[in-house]
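Visitor: Next come the chains, spelled out residue by residue.
Protein chains: 4
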Amino acid sequence: MAHDHSENIQRLKIIEGHIRGIQRMLENDQYCIDIIRQIQAVGAALNKVSVSLLDGHLNTCLLNAIHSDDPVEQKRVLSEITEVFETSNKIKPSKGASLK
Amino acid sequence: MAHDHSENIQRLKIIEGHIRGIQRMLENDQYCIDIIRQIQAVGAALNKVSVSLLDGHLNTCLLNAIHSDDPVEQKRVLSEITEVFETSNKIKPSKGASLK
Amino acid sequence: MAHDHSENIQRLKIIEGHIRGIQRMLENDQYCIDIIRQIQAVGAALNKVSVSLLDGHLNTCLLNAIHSDDPVEQKRVLSEITEVFETSNKIKPSKGASLK
Amino acid sequence: MAHDHSENIQRLKIIEGHIRGIQRMLENDQYCIDIIRQIQAVGAALNKVSVSLLDGHLNTCLLNAIHSDDPVEQKRVLSEITEVFETSNKIKPSKGASLK
Numbered sequence: 244m245a246h247d248h249s250e251n252i253q254r255l256k257i258i259e260g261h262i263r264g265i266q267r268m269l270e271n272d273q274y275c276i277d278i279i280r281q282i283q284a285v286g287a288a289l290n291k292v293s294v295s296l297l298d299g300h301l302n303t304c305l306l307n308a309i310h311s312d313d314p315v316e317q318k319r320v321l322s323e324i325t326e327v328f329e330t331s332n333k334i335k336p337s338k339g340a341s342l343k
Numbered sequence: 244m245a246h247d248h249s250e251n252i253q254r255l256k257i258i259e260g261h262i263r264g265i266q267r268m269l270e271n272d273q274y275c276i277d278i279i280r281q282i283q284a285v286g287a288a289l290n291k292v293s294v295s296l297l298d299g300h301l302n303t304c305l306l307n308a309i310h311s312d313d314p315v316e317q318k319r320v321l322s323e324i325t326e327v328f329e330t331s332n333k334i335k336p337s338k339g340a341s342l343k
Numbered sequence: 244m245a246h247d248h249s250e251n252i253q254r255l256k257i258i259e260g261h262i263r264g265i266q267r268m269l270e271n272d273q274y275c276i277d278i279i280r281q282i283q284a285v286g287a288a289l290n291k292v293s294v295s296l297l298d299g300h301l302n303t304c305l306l307n308a309i310h311s312d313d314p315v316e317q318k319r320v321l322s323e324i325t326e327v328f329e330t331s332n333k334i335k336p337s338k339g340a341s342l343k
Numbered sequence: 244m245a246h247d248h249s250e251n252i253q254r255l256k257i258i259e260g261h262i263r264g265i266q267r268m269l270e271n272d273q274y275c276i277d278i279i280r281q282i283q284a285v286g287a288a289l290n291k292v293s294v295s296l297l298d299g300h301l302n303t304c305l306l307n308a309i310h311s312d313d314p315v316e317q318k319r320v321l322s323e324i325t326e327v328f329e330t331s332n333k334i335k336p337s338k339g340a341s342l343k
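Protein chains in written order, with the numbering used here: chain A, 244 to 343; chain B, 244 to 343; chain C, 244 to 343; chain D, 244 to 343.
None of these hints come from the bench; they were simulated from the model.
One or more of the hints may lead you astray.
Since the list gives no way to pick one copy over another, a pair counts as held whenever it fits inside one copy or between any two copies.
[To be verified] In silico lysine-lysine, DSSO-like type, Cα no more than 27 Å apart, as pairs:
{"#": "1", "residue 1": "K291", "residue 2": "K333"}
{"#": "2", "residue 1": "K291", "residue 2": "K256"}
{"#": "3", "residue 1": "K256", "residue 2": "K318"}
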């Protein structure tokens, strides 16, 4: 199932440039909080790519798998959605705190 | 589509108890970092409920909507998955940092 | 160092009410995505409490520890800030993906 | 206050390489979920850099600002810690869900 990823490829090229920019900020020993802010901005931009990819995936590969009526394939594609959602939700509490 | 939510209802009762526990920690002016740790543990437990609900939803309501062959219904249920994924990914960079 | 936690205690009472509300949504088998949205709203409200607690902690206990000139105490309070920041940042990639 | 950022610069070079790798995955129209997994792994690696920077910042610039006994400077550096913590915690609930 061919996708047009041109927009996301462009986003990643911008992100790549910002990663190099952050390297320079470190080389120039710029203020750490400014660097953390830039990293958080890059994190947000990366998440935009993930969300756009997921949206495209749901409307193509997932639909095809479900229409294929192959229960094994259906189970696989649905469990992957749960997996990436779980990963993005993962707050791993510090050792000291857990809900018994 | 009836779901068996007993496990998640039980999880939420435990979470409710921990929320009251955190209130007591605040009333007793306990150490703030210990309270933040407990809040992060509650956050992780809440996310577990979200992930389990999404997994159930994908394998019931989403499948039914897609098998219904109603394109409007399909679009709606798929866009909701993207929405909750986007919400869980949302890192809103501080005002000072954005990728131009 | 006594803090006035009344505002956060009030926030937690509202959160406690919403947790019971989510239990009822589950008991009534309401639409899963609506329940996930509510859980995400509760997660955001919990984070507001964490942020407010951290801000208070920085301006009281942390300052006192640093002014105490006790290097062991300083190291401890600073490492706790890194720990809760790390926990809130923790995105644990799924098994299949890691940066070698 | 000079920091030795060599380790983080090296991490960012690895991350930069992975960003190019993700671009190639998109150009080759590889499986979207595999690409999302890689993006999540890059997000985790970026967060490691943020956490390490924060730790260094706390133990240098923050300590200096607090020892400077300049209340304006103290307030500024402490509020920055709260800000980056808040950004990393930011779960922006979807429009439909908010705690009234």
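Visitor: The structure should be examined with respect to each hint, and the outcome stated for every one.
Guide: The hints, checked one at a time:
1. K291 x K333: So K291 and K333 pass the 27 Å test inside a copy (18 Å) and across (9 Å) alike.
2. K291 x K256: Both: 14 Å inside a copy, 22 Å across copies.
3. K256 x K318: Neither way: K256 and K318 sit 34 Å apart in one copy and 30 Å across, limit 27 Å.
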